[in-house]
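Chemist: One-letter residues, chain by chain:
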Amino acid sequence: MLNRKNWLLISLVLIGIGTAGALNILINGEEVMGINNDVPWGILIAGYVFFAVASTGVGLISSLGHVFGMQWFEAISKRALLASLILLLCGFGVLLFDLGNPLRMLNFLLSPNLSAPIWWMGALYGLYLILLLLELNYSLKNDHHKVKPIAKVAFFVKLAAVSNLGAVFAMLYARPYWSGAFYPVYMIVTAILSGAALLSIIYYFIDNKKAEGTQSLVKILGKILTAFLAVTLLMELWQVLIALYGSTPGKYSALMALINGPLSIRFWLMQIVIGLVIPLILLLGNNYNSRKVFNAAVLTMVGILSMRLNFVTVGQIIPLWSGENLIYNSYIPSWSEWTVIIGAIGASIFLYLIGEQKFDLTISESGNDSKVMASKAQLNS
Amino acid sequence: MANFAMVIDLHKCVGCGACSIACKNENNVQEGFFWSSYQHKTTGTFPNVKYEYIPTLCNHCENAPCVKACPVGAMYKDENGITMHDAKKCIGCKTCMLADPYGVISYNKAHPHKLWKDNSSAIKDVTSSGTETSKKAGVPIPYYNPEREKTYAGIRPEGVVEKCTFCDHRVKEGELPYCAASCPAKARIFGDLEDPKSEVNTLLNKHKNFQLKPELGAKPKVFYIRQY
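Taken in sequence, the protein lines are chains A and B. At position 71 of the first sequence (counting the first as 1) the number is 71 in my numbering, and the numbers step up by one without a gap. At position 151 of the second sequence (counting the first as 1) the number is 1151 in my numbering, and the numbers step up by one without a gap.
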């Protein structure tokens, strides 16, 4: 297995690649991006959704410890909070490159429009960022009395933020594929899916380092991952069946682009088979073996990245006006857009490794060590 | 206060596109963008073929989805029921373009009116290049309508969206939107829905009319009467 040094090196290379694209966008403007008047939202929006939802998902799993008092999860809460913070910052970073005038962000405060879901997105994720900083700060100081109430508020803010992110798309009612009550819920489900997958990956490395070779946390995370892979697969199935059943214009043709059109390889191969079916088979077939959970989690994350790209693209692929012959709107991401996403992935790995080194993220939480250790021991036996 | 709307008489419209050209002149609309555009549809097989031509522009919806979706209020309704855009507030998030059911909002992802910074000429050593013309004229953009600046960015800068404003700068002076003024067939009738005697109201009462995508509930204010 690769060691820390190698991972640092890999992440720095990824950041380097990302910096090239980021500089190209900063210097030459959005002209170097593939977005156009037909498809105004490109892979940077997909990347933002990927990071923001993963951040919320990791945070939601930490809530199981800090809010619901499940001791196994108290053990991972510090790492989860750190990961959530890093992912959120990377998400915001990616989003800024998609804005034509990022310096005018202050208008969110000076001239707010409360009927815009995207305003709420800024407000809720901004609030989440503040709560996350507070919760992480007090967690690191092991100040349990302050962590609990913050975590409780943060739990509801997380749910509101991630479901509102779904509503940002669901309320664009001129785009039939997105509109409806499906996506706010879907975002919550896939948040937990990405949270469980990312924490499985993190804990695979951490458990491997431990002398006692405990694999309990990977095992529990693997179970959550299995459950949410199954739920997500079912949600995808319903989305496909409902759109097929009614043949509603717009929704139906967008779905056909996804399942039997230009997006179909990415959808079936990346999103469904690699992202959901293979991980599910890997996890169900064996006793949550740590290595298998890790493999399944990595595949899940690859699938989720593809899922976000498909989700953002498919909503815009059908022209607002089409005659008898349907010609799909086209969008080809430029290298600069791709590399910004790659750079953000590198940055999140890099920042996490630094955080892991700088802070004490072990489980000495709230004087509950003995209980946590006991429950872990019980699980291992 | 007024509630401005437009009636397009499809029986009078010949599909010449003068409205789109006039609009570009009046509003300094750059290459590739159309505030005033059209949709056309050919259906059937020969000899039973039908051709439909529908001029389109911002519908200035009463319940405008783009206004609702804009996080910073850069898209807003003015006191005359016109859907306006504030280029100074716009953060360039492009959400309005996705909320808009009609595809009438464009995004300035590049520096506008690039032609005037272009060094190439159509016929070398014979015709002038954009840069040359601009230099000789002594201004960055030689063909430009300064009237537009009265109420909106004369040229919309990079990183913001832009759309039709019903020529609010002309309407304020008591003139018609330039597309309506330029239509050779007088197919575009502009007026106030609040005024029971306006020509717009007369026509809407006289003829059966339709709006585009009324099922979305945006209450669009461009009405079409009669047939092509």
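In case anyone wonders, no lab produced these hints; they're calculated from the structure. Please note that a few of the clues may not be correct.
As the list claims (entries may be wrong) - Stretch-level coverage of chain A by chain B, calculated; a stretch enters the list once three of its residues show a Cβ under 8 Å from a Cβ in chain B: (1) 20 to 31; (2) 93 to 101; (3) 165 to 178.
We put the beta carbon where it would ideally sit given N, CA and C, even for glycine.
Chemist: Next step is simple, just say for each hint if it's right about the structure.
Modeler: Status of each hint after checking the structure:
1. Coverage of the segment 20 to 31 of chain A by chain B holds. Counting CB-CB distances below 8 Å, 3 residues qualify, and the rule asks for three or more.
2. With 4 residues bearing a CB less than 8 Å from a CB of chain B, the segment 93 to 101 of chain A meets the requirement of three and the coverage assertion stands.
3. Remark: the segment 165 to 178 of chain A is confirmed as covered by chain B, as 6 of its residues place a Cβ nearer than 8 Å to a Cβ of that chain, reaching the required three.
Violated hints for the displayed structure: none, as all numbered hints are satisfied.
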